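As they're listed, the protein sequences go chains A and B. Numbers 49 to 756, taken from the numbering used here, label the letters of the first sequence in order. Numbers 264 to 354, taken from the numbering used here, label the letters of the second sequence in order.
Don't read these hints as lab results, they were simulated from the structure. A couple of the hints might just be wrong.
Calculated lysine-lysine pairs in the DSS-like style (CA-CA distance at most 25 Å, straight line) [as the list claims (entries may be wrong)]:
hint, chain 1, residue 1, chain 2, residue 2
1, A, 264, A, 275
2, A, 492, A, 444
3, A, 596, A, 444
4, A, 264, B, 336
5, A, 275, B, 336
6, A, 492, A, 596
Far from chain A by the CB rule (all over 12 Å, computed), these chain B residues [to be verified]:
hint, residue
7, 271
8, 292
9, 296
10, 298
11, 299
12, 318
13, 324
14, 326
15, 330
16, 331
17, 346
18, 351
Per the computed footprint, the stretches of chain B lying under chain A, defined by three or more beta-carbons under 8 Å from a beta-carbon of chain A, are [unchecked claim]:
hint, segment
19, 283-289
20, 300-307
Note that the structure is a prediction, hence the values are computed from the model and not measured. Beta carbons: idealized from backbone N, C-alpha and C, even for Gly.
Here's the letter readout for the chains.
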Amino acid sequence: MSDMDEFLEMFFVECDELLEALSTGLRAMDSATGDVETVHSVFRAVHSMKGAAAAFGLSDLVTFAHRFETVLDELRSEKLDATQSVMVTLHRSSDFLSDLVTAARQSECADQARLKELLNELDDIIGHEDVSTEDEDEGIEFVPLTLDLTPLDGGTPLNTFQIIFSPDAELYRSGNDPVALLFSLQQLGETEVTIDHALVPLLRDWRAEETYLSWKVTLITDEPVGKVNEIFEFVADCAAIEISSFEQPIQNDFFEKNPVATVGSQEQKELANNPQNAEEHKSVELDENKSEKAAKTSNGPGGNANAAASIRVSLERVDKLMNMIGELVIKEAMLYQVIETAGLTNQPDVVSALDGIRQLAGDIQESVMSIRAQPLKLVFQRMHRIVREAADATGKKVRLDTIGENTEVDKTMIERLIDPLTHMIRNSVDHGLEDAVTRQRRGKALEGTITLSAAHRSGRVLIEVSDDGGGIDRERVRKIAEDRGLIAPGTQLSSSEIDSLLFLPGFSSKEQVSALSGRGVGLDVVRREIMSLGGRVMIQSTENKGTKFSITLPLTLAVLEGMLIQLGDQSMVLPITAVQETLRPSSSCLHYVGKTGKLLLNRGELIPIVDIACTFGIRDEPAPLEDGVLIVIENDSHRRAALFVDAIFDQRQVVIKSLEENYGKIPGVSAATILGDGNIALIIDPEEIIFASGMEHARNNLKIAAYG
Amino acid sequence: MPDIQLPEILDQRAAQKVATLLIEEIGKPIKLDASAITRLGTIGVEMLLAAQRQWQSDGVAFEVCDWSANAEKAIATLGLSTTQFQVEVQS
Numbered sequence: 049m050s051d052m053d054e055f056l057e058m059f060f061v062e063c064d065e066l067l068e069a070l071s072t073g074l075r076a077m078d079s080a081t082g083d084v085e086t087v088h089s090v091f092r093a094v095h096s097m098k099g100a101a102a103a104f105g106l107s108d109l110v111t112f113a114h115r116f117e118t119v120l121d122e123l124r125s126e127k128l129d130a131t132q133s134v135m136v137t138l139h140r141s142s143d144f145l146s147d148l149v150t151a152a153r154q155s156e157c158a159d160q161a162r163l164k165e166l167l168n169e170l171d172d173i174i175g176h177e178d179v180s181t182e183d184e185d186e187g188i189e190f191v192p193l194t195l196d197l198t199p200l201d202g203g204t205p206l207n208t209f210q211i212i213f214s215p216d217a218e219l220y221r222s223g224n225d226p227v228a229l230l231f232s233l234q235q236l237g238e239t240e241v242t243i244d245h246a247l248v249p250l251l252r253d254w255r256a257e258e259t260y261l262s263w264k265v266t267l268i269t270d271e272p273v274g275k276v277n278e279i280f281e282f283v284a285d286c287a288a289i290e291i292s293s294f295e296q297p298i299q300n301d302f303f304e305k306n307p308v309a310t311v312g313s314q315e316q317k318e319l320a321n322n323p324q325n326a327e328e329h330k331s332v333e334l335d336e337n338k339s340e341k342a343a344k345t346s347n348g349p350g351g352n353a354n355a356a357a358s359i360r361v362s363l364e365r366v367d368k369l370m371n372m373i374g375e376l377v378i379k380e381a382m383l384y385q386v387i388e389t390a391g392l393t394n395q396p397d398v399v400s401a402l403d404g405i406r407q408l409a410g411d412i413q414e415s416v417m418s419i420r421a422q423p424l425k426l427v428f429q430r431m432h433r434i435v436r437e438a439a440d441a442t443g444k445k446v447r448l449d450t451i452g453e454n455t456e457v458d459k460t461m462i463e464r465l466i467d468p469l470t471h472m473i474r475n476s477v478d479h480g481l482e483d484a485v486t487r488q489r490r491g492k493a494l495e496g497t498i499t500l501s502a503a504h505r506s507g508r509v510l511i512e513v514s515d516d517g518g519g520i521d522r523e524r525v526r527k528i529a530e531d532r533g534l535i536a537p538g539t540q541l542s543s544s545e546i547d548s549l550l551f552l553p554g555f556s557s558k559e560q561v562s563a564l565s566g567r568g569v570g571l572d573v574v575r576r577e578i579m580s581l582g583g584r585v586m587i588q589s590t591e592n593k594g595t596k597f598s599i600t601l602p603l604t605l606a607v608l609e610g611m612l613i614q615l616g617d618q619s620m621v622l623p624i625t626a627v628q629e630t631l632r633p634s635s636s637c638l639h640y641v642g643k644t645g646k647l648l649l650n651r652g653e654l655i656p657i658v659d660i661a662c663t664f665g666i667r668d669e670p671a672p673l674e675d676g677v678l679i680v681i682e683n684d685s686h687r688r689a690a691l692f693v694d695a696i697f698d699q700r701q702v703v704i705k706s707l708e709e710n711y712g713k714i715p716g717v718s719a720a721t722i723l724g725d726g727n728i729a730l731i732i733d734p735e736e737i738i739f740a741s742g743m744e745h746a747r748n749n750l751k752i753a754a755y756g
Numbered sequence: 264m265p266d267i268q269l270p271e272i273l274d275q276r277a278a279q280k281v282a283t284l285l286i287e288e289i290g291k292p293i294k295l296d297a298s299a300i301t302r303l304g305t306i307g308v309e310m311l312l313a314a315q316r317q318w319q320s321d322g323v324a325f326e327v328c329d330w331s332a333n334a335e336k337a338i339a340t341l342g343l344s345t346t347q348f349q350v351e352v353q354s
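Work out the full structure: start from the sequences and follow the hints.
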């Protein structure tokens, strides 16, 4: 990767963060909780993106961000009101800005028609307020220049420097003070100091150890740049400092004419047209972003006062570490086994040392997992856009409420959740919510609400998408399923079974294909995606009240708490989350159906007994039930089965190794792990076993029906 | 209106102390006497700005009066003006 690529990649990562800040800010403005500071933060986000984009010659991005920023500036200087129509355009612009970044990232050309359309929309807003676009940058626009100290023509001895200075907390800690630095600058010549104190919070939230102030100083001096540098020499590593110079115009009333902005814009155009030059500027620009970001973290709405420094690490490295810790856990299990074989388990020293290692390995594992954990906010943020677009497409008024967006899940999960959630949200807007007329008739608020929530529930993550729409029209769902031959007419189905029909492949309740749904890519895809993440999807629906989709997901795809079981001469792992209880079968609770069907009477319910050794082909004939143990498992749709196993050894955390990557898909098996003795144990997929047991019973029942 | 005398040296440490005092007075009209200040650090100024913002958001009167010459100079050097440290409430 060349340096340029690296910087570009950094820029895109920054953009992602800025875009997030942008959309959060815009939403805060929507909800009227936003204050002037919110508008400022939105403005800063766009402004920073524009600045950095210029350094890379991304002209579409610069043009658009510039116009966008102009409107935001009108808002922040209160020349413009954030009316609903303005906000709609702002949201659209924010979405499009994100598209532009994506296009730039993939080196693609942006949608020019859309660009033009939105530019016009933004122009309209500016136009309404009768503001000329020429002077909007006054006092705000600043693009740093390089230190190009070519000798000045015309014999003027004066240099003009522009200094942007944002101190870190370290500057104060080391005993320095901006007052002294600014005072020294004043000694060099004529200065104009502009302070940016927009970040200073209310006293209640103020922290002496945080920094909230930054300065822009214009200095006209006959001293060379070296003198200016000298002043900042000792604080260079604890402040973001940009010193730029440009030629001094002849007039002395320089400040009044304010050519700073003009020079800045010219330079910027030049940059946009000349990427080679851009390289010289990028470090400066990125620095600016950094300081802005630092300021943002220390003062943002959810900002932690003690926001710590952070580093970016490639995911690959974290994965490698995770993998190595997996190996460590396996090695530790092996060590235990060796110690056991050597008969040393009764030595307290050995045991306590081993326990220490085990504890440590567990702690390391947890720490690495927390590195990989990311808040669901990253996914939830995107859903606002999906809702906006879906609402536009269907002409419905929809509000999205998000709850628990700081719930953390594994990074891989974050990426793979986007598609299923997008689909579910669109589904909720399109099918879940009624149109305005129907809602009015039913006495509901005209605006439909979709709630997206996340929470940790007993070691898993629960995500719910609920709407306050009409609920599932079960009669209609049933009819469609019958029409499409998905179920036999007249089949007895419970409400929840009808609801589950929505997840069948090929099910679409829309007779007409709309822009959003009805293309046959249905909830079955969502279910498959979620299941591939080790999760489950459920539906709950109440007529006229709404529908709720619940997704449960494991916290990580790397380890699993499992029950180690014996099947013939094989060891296998059963995920503990599925296990309800274990019992030794007694004849009083066993029932037999036909020749092979065995049922367990458990808590007033008859559940099928599955000899999984037979299922996996380890044994040909079922073993006598009294020789083993029954494990009652339940899936998320509350279907149960009793698995017959020879013995249960242990309950432990196992490191998941993908089988599909290394071998191939085995029905009934979700993955594998390596045990302490070096043997491979397969991890059973209880869901598939339950599903298969249902089929088995259906087949047996058919046999009974056929042969009497 | 309680008067609080600002200390001679209003640096980071003193700013923290004054802030603690002021937080107890939040919601009440207040007048700060800046006549004794001989050294006013940036963090001190920042704290006063935060206080002004707090009182402004609560809609309660806030005033820093009798700025010493040194304090006034520091304020100007930082690009501010002493009038920015006032909240007037119209009764």
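Results of checking the hints against the structure:
1. A:264 x A:275: The hint holds at about 17 Å.
2. A:492 x A:444: holds, 13 Å
3. A:596 x A:444: holds, 19 Å
4. A:264 x B:336: holds, 18 Å
5. A:275 x B:336: The given pair, whose Cα atoms are some 23 Å apart, holds under the 25 Å limit.
6. A:492 x A:596: The given pair, whose Cα atoms are some 18 Å apart, holds under the 25 Å limit.
7. 271: Holds: least Cβ distance 16 Å, greater than 12 Å.
8. 292: holds, 15 Å
9. 296: holds, 18 Å
10. 298: holds, 19 Å
11. 299: holds, 18 Å
12. 318: violated, 8 Å
13. 324: holds, 15 Å
14. 326: The claim stands: residue 326 of chain B keeps its Cβ more than 12 Å from every Cβ of chain A (closest is about 15 Å).
15. 330: It holds; residue 330 of chain B is separated from chain A by about 15 Å at its closest Cβ, greater than 12 Å.
16. 331: Residue 331 of chain B clear of chain A: closest Cβ-Cβ about 14 Å, beyond 12 Å.
17. 346: Check passes; 14 Å lies beyond 12 Å.
18. 351: holds, 18 Å
19. 283-289: holds (count 3)
20. 300-307: holds (count 4)
Hint 12 from the list above is the single one not met by this structure.
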